[in-house]
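Sequential numbering from 315 applies to the sequence shown in the working numbering.
Calculated from the structure, these hints are not laboratory results.
Quick list of in silico lysine-lysine cross-link-like pairs, DSS-like style, CA-CA up to 27 Å: (1) Lys332 x Lys316; (2) Lys332 x Lys349; (3) Lys328 x Lys316; (4) Lys329 x Lys316.
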Amino acid sequence: MKLKTILDTFITDKKAQKLADHAHELSMQLCRDAKFIYGLEEDEVIETGFSFIEQKQAPTAQSAAA
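With the hints as constraints, model all of the structure from the sequences given.
Following this line, the structure appears as structure tokens:
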């Protein structure tokens, strides 16, 4: 039973690590693309991304009134 738990944790950790690696590679590609296309630096891309996320998560006046 303990070995199964260890193996399950290992497999889950491996999947999580693969996802994290993939997400990191995608974010690095976004930074490279933004720098090339728009002339933005990495910190500008990150700030713009966080701003976009905050706008999407903030309730709109219409949804807040409902």
